[in-house]
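S.K.: First residue of the sequence shown? That's 8 in this note's numbering, and the numbers climb one at a time after it.
Since the hints were derived computationally from the structure, they do not count as laboratory data. Every value quoted in this text rests on a predicted model; they were computed, and no experiment measured them. Some hints here could point you the wrong way.
[As the list claims (entries may be wrong)] Here are the simulated EDC-like pairs of lysine to aspartate or glutamate, each with C-alpha atoms no more than 16 Å apart in a straight line: (1) 30 <-> 53; (2) 30 <-> 48; (3) 102 <-> 54; (4) 30 <-> 54; (5) 92 <-> 54; (6) 99 <-> 48.
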Amino acid sequence: MNHAINMTQALRVYALVIDKGTKAQDSQQANTQQLNTESDDSYCYEEMLAWSDYDGYTAYLKYNQVTLTLLFHGKYLLDYPSDAKLAAFIQKLNKLANEVK
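Please work from the sequences and hints to get the whole structure.
M.R.: Okay, here's the thing in C-alpha cells:
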C-alpha cells in the first residue's frame, strides 16, 4: 500500500480539526478513539483527533487506531495496526481535506 501523505493536506486537516472541533475531554468521540496523550489541548472533529506536543513542533492526527505524527521539516510517521485501518484513515483525511478547499 502506498503510504505517501500530502503534508500540506494533513496540516490543513489538523487546522480544521482544531478550528471546528470540540475539546476532546468533552467529546464522546474522543473516548471511542481512546486518546492516549499528555496534552489537554486535544480536539475532535468528525471522529478525527488532533493535538500537538508542548512546543508545537510536532502535531498529531488520529482516527480509527491510526496515528499520523507530523514532524518538523515535512517528515511524518504513521502508526497503524492494518492496511485496512490505514486506508480508512486516508479516506477520512481526504474527506476532511475537501472541506478545507
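S.K.: When you check the alpha-carbon spacing of residue 30 and residue 48, does it fall within 16 Å?
M.R.: Holds, because 7 Å separates the two Cα atoms, which is no more than 16 Å.
S.K.: Could you grab the alpha-carbon distance between residue 99 and residue 48 and see if it respects the 16 Å cut-off?
M.R.: At roughly 21 Å apart (the allowed maximum being 16 Å), residue 48 and residue 99 break the hint.
S.K.: Residue 102 and residue 54: Cα distance at most 16 Å?
M.R.: Holds. Residue 102 to residue 54 sits at ~12 Å (cutoff 16 Å).
S.K.: Quickly compare the C-alpha distance for residue 30 and residue 54 to 16 Å and report which way the hint goes.
M.R.: At roughly 12 Å apart (the allowed maximum being 16 Å), residue 54 and residue 30 satisfy the hint.
S.K.: Just to be careful, I want the Cα atoms of residue 30 and residue 53 compared with a cutoff of 16 Å; is the pair within it?
M.R.: holds, 12 Å
S.K.: With the threshold set at 16 Å, check whether the alpha-carbon distance from residue 92 to residue 54 stays at or below it.
M.R.: holds, 14 Å
The structure is inconsistent with hint 6 alone, although it conforms to all the rest.
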